[in-house]
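These are the residues of each chain, in order.
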Amino acid sequence: MKSFQLVDLAWELGVTAASSCEEQVGQTYVRIKMKLNSGTSLETVLMELSLKQFYDLLHELEKAQNTMK
Amino acid sequence: MNCSSNLLFVTVPKSVEQLSKQLQSKIVDPLILQTLIDFSNRYWNGEEICREEWESLLKNSYLPLTIFENLFSGVLILTLAVFQIPEKLFTPELVCAELIAFGLAVEQAEQITQLKATSNFKIPKLPKLNDVKWRIDVTISTSNVSRILEPWILMELNLESGDQKTIHFPLAQFHSLRYQVASCLNQFTKLPV
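Protein chains in written order, with numbering that gives the first Met the number 0: chain B, 0 to 68; chain R, 0 to 192.
Honestly, I wouldn't trust all of these hints.
[As the list claims (entries may be wrong)] Sample of chain R residues lacking proximity to chain B, with all beta carbon distances greater than 10 Å (derived): (1) Thr34; (2) Arg41; (3) Trp43; (4) Cys95; (5) Gln172.
[To be verified] Partial list, computed: chain R residues near chain B (C-beta under 10 Å): (6) Trp151; (7) Leu153; (8) Glu155.
[Unchecked claim] Below 27 Å or equal to it, Euclidean Cα-Cα: the simulated DSS-like pairs (lysine-lysine) are: (9) Lys13/R x Lys58/R; (10) Lys51/B x Lys34/B; (11) Lys164/R x Lys132/R; (12) Lys164/R x Lys51/B; (13) Lys132/R x Lys13/R; (14) Lys32/B x Lys164/R; (15) Lys132/R x Lys51/B; (16) Lys32/B x Lys132/R; (17) Lys164/R x Lys34/B; (18) Lys115/R x Lys164/R; (19) Lys127/R x Lys164/R.
Just so you know, these hints were derived from the structure itself, not from any lab.
These numbers were taken from a predicted model, which means no experiment stands behind them.
Every residue, glycine too, gets a C-beta built ideally from N, C-alpha and C.
Can you make the complete structure from the sequences, with help from the hints?
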């Protein structure tokens with residue numbers, strides 16, 4: 000498995016004001032942009048999470064942090 | 000020799016004119032020509048022609064390399080022109096007649112017209128747009144700036160090829176896109192179609 004080093008992380012919080020798909024209107028999202036160092040080059044990974052997915056991610060990160068302690 | 004072609008070419012390319020001259024001078028063996036037609040069909044279908052096949056054909060033709068290459072060039076262009084005829088305009092008899100006018104024998108003309116039916120040749124073209132989805136996002140906050148409230152448009156383009164392209168742009172660029180689309184539509188209405 001290839002491993003990457005996290006170089007930078009940026010996030011953005013927003014809400015969908017209008018959409019061609021009705022169900023998306025009013026949804027909150029968190030967009031995360033990660034800059035990863037593969038060793039030979041820098042790669043950018045962009046992902047969008049719903050609020051639930053973001054809280055799930057936060058939960059996993061906190062679990063990892065507690066385990067490290 | 001005057002080859003006026005209606006279905007195949009608007010203007011007959013030089014390579015096809017040269018091919019026609021060579022065919023009418025009878026320096027080309029019919030079997031060699033048949034193999035060249037087969038090679039060109041394989042080429043346009045993306046198949047590789049190995050060096051040994053090519054060299055063996057050249058040896059058997061007893062033709063100088065430059066003449067042989069010019070021959071193949073002409074055959075390639077001729078077969079491509081046949082493959083590019085739209086289905087609704089393709090009449091085998093008319094195409095055969097035009098190919099015979101170029102100096103091909105009846106058998107070779109029929110070989111090319113029959114190849115069109117069995118060929119997998121696909122004219123390269125840009126993928127078509129299947130579906131567009133959009134949404135307007137208002138950014139509340141980012142890691143760099145705490146309070147923005149800036150609207151952005153996110154557009155998802157689903158292409159016929161199965162690819163999905165997502166583009167993200169601010170309001171100013173969206174207005175520019177709208178303007179370009181409107182200009183394009185305006186030109187469409189002016190077309191004499």
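Now for the hints, and whether the structure bears them out:
Against the 10 Å criterion, Thr34/R stays outside the reach of chain B, whose nearest CB is about 48 Å from its own CB. The beta carbon of Arg41/R sits about 39 Å from the closest Cβ of chain B, which is more than 10 Å, so the claim that it is off the interface holds. For Trp43/R, the shortest C-beta to C-beta distance to chain B comes to about 38 Å, beyond the 10 Å cut-off, and the non-interface label holds. With 10 Å as the threshold on Cβ separation, the claim that Cys95/R sits away from chain B holds: the shortest Cβ distance comes to roughly 51 Å.
Distance check on Gln172/R: its Cβ is at least 17 Å (rounded) from any Cβ of chain B, clearing the 10 Å threshold; non-interface status holds. About 8 Å separates the beta-carbon of Trp151/R from the nearest beta-carbon of chain B, less than 10 Å, and the hint is met. Annotation: interface hint on Leu153/R holds; nearest CB of chain B at approximately 8 Å, less than 10 Å. The interface hint given for Glu155/R holds, since its Cβ lies 9 Å from the closest Cβ of chain B, which is under the 10 Å cut-off.
At most 27 Å may separate the alpha-carbon atoms for a hinted pair to count; Lys13/R and Lys58/R meet this at roughly 25 Å. Proximity of Lys51/B to Lys34/B is assessed by CA-CA distance (about 23 Å); at most 27 Å being required, the pair is judged to hold. With a C-alpha separation of about 11 Å, the suggested pairing of Lys164/R with Lys132/R holds against the 27 Å cut-off. Proposed proximity of Lys164/R and Lys51/B is supported: the alpha carbons are some 25 Å apart, at most 27 Å.
At roughly 48 Å between alpha-carbon atoms, Lys132/R and Lys13/R are farther apart than 27 Å, so this suggested pair is violated. Distance check on the hinted pair: Lys32/B and Lys164/R sit about 18 Å apart at the alpha-carbon level, within 27 Å; holds. Proximity of Lys132/R to Lys51/B is assessed by CA-CA distance (about 23 Å); at most 27 Å being required, the pair is judged to hold. Taking the CA atoms of Lys32/B and Lys132/R, the gap is near 22 Å; set against the 27 Å cutoff, the hint holds.
With a C-alpha separation of about 21 Å, the suggested pairing of Lys164/R with Lys34/B holds against the 27 Å cut-off. Taken as a hint, the Lys115/R and Lys164/R pair is broken in the structure, with Cα atoms around 34 Å apart against an allowance of 27 Å. Distance restraint check for Lys127/R and Lys164/R: the Cα-Cα separation of roughly 12 Å lies within the 27 Å cut-off, and the hinted pair is therefore satisfied.
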